[in-house]
Amino acid sequence: MRIPDSILRIDRRIIFLLIGAAVCIPLILKPRFQDSPTPIVQSIFDTVERLPAGSRVFLSFDYGPDTAPELDPMAKALVRHTMTRGHEVSFFTLFPEGVGQIKKITDNLLPVEFPDKAYGRDYVNLGYKAGLGGAINTMVVNFRTLVNADAEGTPLDDLPITADVDEMVDYVIILSLTAGDPGLKEWIQFAGDIAGIPVMGGGTAVVAPELYPYYPQQLVGLMGGLKGASEYESALVDRYPTYRNATMEATMRMGPQVVTHVLIVLLVLLGNLAYFLGRSDRRNRAGRTGQ
Amino acid sequence: MRRRIPLIITFIIGVVLITGYFVTRGPFNTLYESFSDYFAIITVFAFILGGGSLLKIHLKRVSSRAADWPYSVVTLVAFLVTLVIGLFKVGNPGGMSGEILASGSWLRFMFDGVYNPLSATMFSLLAFFVASASYRAFRARTKEATILLSAALVILLGRTPVGAWMTAWMPESLAFLELPNLANWIMAWPNTAGQRAIMIGIALGVIATSLRIILGIERNYLGRGE
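Here the protein sequences come in this chain order: A and B. Note that this note's numbering numbers the first sequence so that position 153 is 153, with each residue one more than the last. Note that this note's numbering numbers the second sequence so that position 111 is 111, with each residue one more than the last.
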């Protein structure tokens, strides 16, 4: 077998091993890559930053555990930012699995990093509502019909943070972290465009390209994949140096992503090189046979 | 009659919802609000329908010993165990009045210890298959494939700090050729143009199909009428 052919027929288990190493080695060595926010991410940061303290923010966790490695860092960065700015945050989800994602924040992050923040006063968990995009429509048309209590059944009127919330427009911004449908697109179509509430957020790297057409008119800003999350974290650290020593998950995970991307690029280039070498080799042989 | 009544209901609700969207006066606005509320209630019943359908399909597969029927047993056991633990809050420190995903509850353990790692594992496998597929299939065989390949390489490198590092030496006048800027340009222009074309096409298709359903031309959703 000639060299180009043997390269093309490389065992896929070798590629799997290379990818495994490309992910694991940076996780062990923890290289740090400096990132700076692009305008599409910076606009979310600036919007949250400019809101007066105590503004009502709606944060929808529209994802499950499968996409958590990409979207959890965004959730943490947004929660850190909104809490530092003193905003009142309502957590919500259109995914049944999103309830678990919210609990990770309310049980693990908030009590540790913001012990002075109280449930019901500074943040609330509105839980999961069925109905996909239709649920958003119902909330915009008649908020209290669909959401009349928090996730544990406490009436909204009994919680200081939601006692005055009667309509969706009582929220100044909507943030959504999106893994698919329903997600940011539905929040734009059913809430942003109709009720005029600014919509922004983040999506997985797979979802992000679908959301670009809405930016900047209907979508204030977008964090695309782990890179977007890393950019938001760097904006947060630049503005609030107290977070310099905090664990910034996206920044940490950029190591494996960088090495994996570079490896895939090299593999694609190698595959093409072998393909063209093999093709010219075959042409030469065919030419010689023809003579 | 069994087909005519659903057609009449579909027609009335379709017309009211479309009119209610544009006409904000009574009775359309109140009907629009009521139908939105009904929608929220009806969707909850979809879970019962979905659960019933899942049980029916997998019980049938197990009873007929169809191919890979043991997987159906796993599905059924996982479904029923999760359902019972969730519905009756089995192992919940707060009992029936406790939080559904309270710390220390069985459901929380299943979510964190079983569902979470299983979902993450399934999704992570993509990285391995994408790498292997890219190596084997991503070839610059034609002009179109070469453009696609070049765009993919720019995006792959431009979306990492390595892309910025590789092209940082470029003079200010050629900053637009830096990989992150090129990647952003691809996402903001060619990608947006393509996505918009797809979205407009889909939207027109949805409008056409919706009109066919409202007017009773499209009747597949009613089933075969058996």
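You may find that some hints are simply not true.
[Stated by the list, open to error] Below, computed lysine-lysine pairings styled on DSBU-like, alpha-carbon distance capped at 30 angstroms: (1) A:LYS129 - A:LYS104; (2) A:LYS104 - A:LYS117; (3) A:LYS129 - B:LYS89; (4) B:LYS89 - B:LYS60; (5) B:LYS89 - B:LYS143; (6) A:LYS104 - A:LYS30; (7) B:LYS89 - A:LYS117; (8) A:LYS104 - B:LYS89; (9) A:LYS117 - A:LYS129; (10) A:LYS129 - B:LYS56.
Since the hints were made in silico from the structure, they are not lab data. Since the structure is predicted, the reported quantities are computational estimates derived from the model, not experimental observations.
To see whether the hints hold, each was checked on the structure:
Only pairs whose Cα atoms come within 30 angstroms are accepted, and LYS129 (chain A) paired with LYS104 (chain A) is accepted, the gap being roughly 18 angstroms. With a C-alpha separation of about 16 angstroms, the suggested pairing of LYS104 (chain A) with LYS117 (chain A) holds against the 30 angstroms cut-off. For a cut-off of 30 angstroms, the pair hint linking LYS129 (chain A) to LYS89 (chain B) stands: about 19 angstroms separates their Cα positions. Pair hint LYS89 (chain B) plus LYS60 (chain B) holds up; C-alpha atoms about 29 angstroms apart against a cutoff of 30 angstroms.
Restraint check: the Cα-Cα separation between LYS89 (chain B) and LYS143 (chain B) comes to about 60 angstroms, which exceeds 30 angstroms; the hinted pair is violated. Under the criterion of a C-alpha separation no larger than 30 angstroms, the hint pairing LYS104 (chain A) with LYS30 (chain A) is consistent with the structure, at around 24 angstroms. Restraint check for LYS89 (chain B) and LYS117 (chain A): the C-alpha separation of about 28 angstroms stays at or below 30 angstroms, so the hint holds. Among the hinted pairs, LYS104 (chain A) with LYS89 (chain B) is consistent with the structure: their alpha-carbon atoms are about 19 angstroms apart, no more than 30 angstroms.
A hinted pair counts as satisfied when its Cα atoms are at most 30 angstroms apart, and LYS117 (chain A) with LYS129 (chain A) qualifies at roughly 25 angstroms. Note on LYS129 (chain A) and LYS56 (chain B): the hinted pairing holds, with a Cα-Cα distance of about 26 angstroms set against a maximum of 30 angstroms.
Violated hint: 5 only; the structure is consistent with all others.
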